Amino acid sequence: METLAFQGLVGLSLAMYLWLLAAGLTIVFGVLGVLNFAHGSLFMLGAYFAFTFYGLWGVNFWLSIILSLLTVAVVGYLMERLFLRYIYHLDHAYQLLLTFGFILIFDDAVKMVWGGVAKIPAMPSFFEGTVSFWQRPFPIYNLFIIGAGILVALVLWLLFEKTWWGRIVRASASDREMASAIGVNIPILFTGVFVFGAMLGALGGALGTPVRVVAPGIGAAMIIQAFIITVIGGLGNLKGAFVGAIIVGVVSAYGILLFPVFELFLIFVIMAVVLMVKPQGLFGG
Amino acid sequence: MKKNLALLVLIIFLFLLPILVGKYLLYMTIHILLLSLFALGFNLLFGYTGLLSFGQAGFYAVGAYACAKVLLVVPSLLAGIFGGLVVAGVAALVLGILCIRHTRIYFSMLTLSFGMMIFSLAWKWRDMTGGDDGLVGIPRAPLEIPGLLKLNMTPMENYYYVVLIFSLLAIYLFHRLVNSPLGLTLRGIRDSETRAACVGISVVNYRLLSFTIAGVYAGLAGALLPPLENTVTPPVAHWSHSAEPVLATLLGGIYSFSGPIVGAFLFYIIKDIIVRFTEYWLICLGVIVLILVLGFRGGVVSIWERKGGQG
Numbered sequence: 001m002e003t004l005a006f007q008g009l010v011g012l013s014l015a016m017y018l019w020l021l022a023a024g025l026t027i028v029f030g031v032l033g034v035l036n037f038a039h040g041s042l043f044m045l046g047a048y049f050a051f052t053f054y055g056l057w058g059v060n061f062w063l064s065i066i067l068s069l070l071t072v073a074v075v076g077y078l079m080e081r082l083f084l085r086y087i088y089h090l091d092h093a094y095q096l097l098l099t100f101g102f103i104l105i106f107d108d109a110v111k112m113v114w115g116g117v118a119k120i121p122a123m124p125s126f127f128e129g130t131v132s133f134w135q136r137p138f139p140i141y142n143l144f145i146i147g148a149g150i151l152v153a154l155v156l157w158l159l160f161e162k163t164w165w166g167r168i169v170r171a172s173a174s175d176r177e178m179a180s181a182i183g184v185n186i187p188i189l190f191t192g193v194f195v196f197g198a199m200l201g202a203l204g205g206a207l208g209t210p211v212r213v214v215a216p217g218i219g220a221a222m223i224i225q226a227f228i229i230t231v232i233g234g235l236g237n238l239k240g241a242f243v244g245a246i247i248v249g250v251v252s253a254y255g256i257l258l259f260p261v262f263e264l265f266l267i268f269v270i271m272a273v274v275l276m277v278k279p280q281g282l283f284g285g
Numbered sequence: 001m002k003k004n005l006a007l008l009v010l011i012i013f014l015f016l017l018p019i020l021v022g023k024y025l026l027y028m029t030i031h032i033l034l035l036s037l038f039a040l041g042f043n044l045l046f047g048y049t050g051l052l053s054f055g056q057a058g059f060y061a062v063g064a065y066a067c068a069k070v071l072l073v074v075p076s077l078l079a080g081i082f083g084g085l086v087v088a089g090v091a092a093l094v095l096g097i098l099c100i101r102h103t104r105i106y107f108s109m110l111t112l113s114f115g116m117m118i119f120s121l122a123w124k125w126r127d128m129t130g131g132d133d134g135l136v137g138i139p140r141a142p143l144e145i146p147g148l149l150k151l152n153m154t155p156m157e158n159y160y161y162v163v164l165i166f167s168l169l170a171i172y173l174f175h176r177l178v179n180s181p182l183g184l185t186l187r188g189i190r191d192s193e194t195r196a197a198c199v200g201i202s203v204v205n206y207r208l209l210s211f212t213i214a215g216v217y218a219g220l221a222g223a224l225l226p227p228l229e230n231t232v233t234p235p236v237a238h239w240s241h242s243a244e245p246v247l248a249t250l251l252g253g254i255y256s257f258s259g260p261i262v263g264a265f266l267f268y269i270i271k272d273i274i275v276r277f278t279e280y281w282l283i284c285l286g287v288i289v290l291i292l293v294l295g296f297r298g299g300v301v302s303i304w305e306r307k308g309g310q311g
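Respectively, the protein sequence lines represent chains A and B.
Just so we're aligned: the first sequence equals residues 1 to 285 in this note's numbering.
Just so we're aligned: the second sequence equals residues 1 to 311 in this note's numbering.
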C-alpha cells in the first residue's frame, strides 16, 4: 500500500515535468492552429542552453534558466517570423511537415555545437538530498518540479482568465477574423503566442537539466510524449493538458511498477482510445 | 512515346545494374526500391486520398517481423515475403477500421499512436520479437517453387533481381490502380468528401481500401528487408522511420505518380553525397524540407514538369 502511494508521488513529479513540456504545445495549437512538431526540439534547446550557462559557464542556476528562456525566445521568434507565418493558410499536413523539418535541423545543430555525446549536468547543491515519504527517500528536486508545475499552472490560469492580455488571446483563438475586425493585431499576437509557447517548452527543458540527461534526439522523443498528453486533454485545451499530463505521469509510474513490459504500449492505447471515442479530448467541448 | 522509351531504357539499365556496379551501389539500389514501395503506399493515402499517416512504419515492421518469423521456420523466400505482405495487409485492414474514423490532424495522431503501439511491442515483447536485440540470424532463403525451380539467394545480385522484379510488379500494379476508377474516386474524396458522398460513394469504405493497400505496400517493403539484412530491430517500427516515406514523397512530389519513387532515389542520393562531406546530413535535409514546404509543394517532379511545359 505504501509502495503504491509512494509511486503515485513519483508519478506526480513525472506528470508535472510532462505538463511543463506540453503546456506550450497546446497553447500554440489553440491560438495559431499549428501543431508544432518541433516543440520537443525547443524543449531540448532549453535544456542545452541551461546546461551551457549553468554547467559549462558557471552562471547562477536561476539566472541560467532565465537566459535559456530568452535564447529560445529568440529562436522561436525567428521560426515564426521567417517560416511559420507563411503556412498558416495551408493544410495541417504542411504545418506538420514544416515543423518536422525543424526537428532535423535542431537535432543536427545541437550535435554540431555540443557534440553527439550525452551531457550529464551537475545538480545545484541546494537541490541535493531527499525527504522521506512513507519511509522512502524522495528527491527534493522532484518536489521542486511538482511545485514548479503547479505554480506554472496557476500563473497560466491567472494570465488567460484574469488579464486583458489573456482575454485578447482567447478571443483570437475562438474567432480570428472577429478579433481582427475589432482591432487585434493578429500577426503580432501570433508571434507573441508562439514565442511564449517556445519559452514554456524551454522552461521544461531547462528545469529538467539537473536530473535528466541532455542529449541530441531528446526533442524527437519528448514531442511524442507531448502529443500524447495534448491529445488526451484535447488539442488546444490547457486544462486538458494538465489533466492529461497527470494521467500519463501516474499511469507510467504505476505501469513501470506493475507491468513493465506493457507500460509504453498502454499509454499509446489510452491515446488511441481517446482519439477514437472523443477526438476533441477529455476536456474538449 | 518518348516517355515510354525512357522508361524502357531505365528498366533495362536496372536489369544490367549488377554487371555495371559493385556491391555497395547494388545494396543502395535495393534500399531505394524498398523506400519507393514504402513511399508509394504512403502517397496513396496522402497524395491521392488526402490522409497524412505518421504510422506507416508500423506496417513496415509488421511485414518485416512476419517475414523474419516465417523465414526462421520455413526457409523459403516466397513464403517469407508473402507471409509478411499478408500479415501487414490484415493488420492494416483491422487498424484501418479504427483509424479512418477521422481525417486531418486526428488521423495523423491516431496513426502515430498505433504505429508506436507496434513499436512498443517490438521493443518490449521479448518472447515474440526478441526485444531490443531484434530477431537475428534470418536466412536469405532460396527462392523455391517445389518441382519447378530453386534459386540460390546467397549472392547479392540474385537477391537484387528478386527485389527488382517484385518492385516493378508492385509499381506497375500501383500505376494501374491509380489510373483506374478507384484512383479517381480516391482523388474525388480528397478534393471534396461531401461531394463524393453525395454522388453515392462510400467514403469510409474507399478510405479503408486505400489504407489497406498502403499497409500492404509498406508490408511488402518491410518483408523484403530481413532477407537483405539478416536481422530486424525495433527502430524499423519507430515513428521516425514513418517519416522517411513522408520525406521521400515530399521531395519527389505529392501529386504525381512517380513522385515517391523519384523522392526515394533523391533521399538516398542526397544522403550519400552529403555524408561524404559532413556527418550532418539531416540538417541539409531539414533545410530542403523547409524550402519544399514554403516554395515547392509539388516536389521535384512538378519543377521538372513545369520546365518541360515551358520548353
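Just so you know, these hints were derived from the structure itself, not from any lab.
Quantities reported herein were computed from a predicted structural model and do not represent experimental measurements.
Just so it is clear, CB atoms sit at the ideal spot from N, CA and C, and this is done for glycine as well.
Some hints could be false.
DMTMM-like cross-link-like pairs, simulated, lysine to aspartate or glutamate; straight-line CA separation at most 20 Å [stated by the list, open to error]:
hint, chain 1, residue 1, chain 2, residue 2
1, A, Lys111, B, Glu279
2, B, Lys69, B, Glu229
3, B, Lys271, B, Glu244
4, B, Lys124, A, Glu263
5, B, Lys23, B, Glu193
6, B, Lys23, B, Asp272
Just so you have them, the derived chain B footprint on chain A, three or more residues with Cβ under 8 Å [stated by the list, open to error]:
hint, stretch
7, 80-88
8, 109-116
9, 189-199
10, 241-252
11, 271-280
Measure nothing beyond the straight line between the CA atoms of lysine 271 of chain B and glutamate 244 of chain B; if it is 20 Å or shorter, mark the hint as holding.
Cα-Cα ~12 Å, so holds.
Coverage claim, chain B over the stretch 109-116 of chain A, checked by counting residues with Cβ within 8 Å (three needed)
holds (count 3)
Given the proposed pairing of lysine 111 of chain A with glutamate 279 of chain B, does the C-alpha separation stay at or below 20 Å?
holds, 10 Å
Straight-line Cα separation of lysine 124 of chain B and glutamate 263 of chain A no greater than 20 Å?
holds, 9 Å
Distance restraint between lysine 69 of chain B and glutamate 229 of chain B, which requires alpha-carbon spacing of 20 Å or less:
Roughly 14 Å between the alpha carbons, so the hint for lysine 69 of chain B and glutamate 229 of chain B holds.
Coverage claim, chain B over the stretch 189-199 of chain A, checked by counting residues with Cβ within 8 Å (three needed):
violated (count 0)
Chain B over the stretch 80-88 of chain A, status - at least 3 residues with CB closer than 8 Å
holds (count 3)
Verify the proposed pairing of lysine 23 of chain B with glutamate 193 of chain B, using a straight-line Cα cut of 20 Å.
violated, 48 Å
Taking 20 Å as the top limit, are the C-alpha atoms of lysine 23 of chain B and aspartate 272 of chain B close enough?
Satisfied, since the Cα-Cα distance of roughly 15 Å is no more than 20 Å.
Using C-beta distances, would you say chain B covers the stretch 241-252 of chain A, given that this needs three or more residues below 8 Å?
violated (count 0)
Using a Cβ cutoff of 8 Å, are there at least 3 residues of the stretch 271-280 of chain A near chain B, or does the coverage claim fail?
holds (count 5)
In summary, the structure is inconsistent with hints 5, 9, 10 from the numbered list given earlier, while agreeing with the others.
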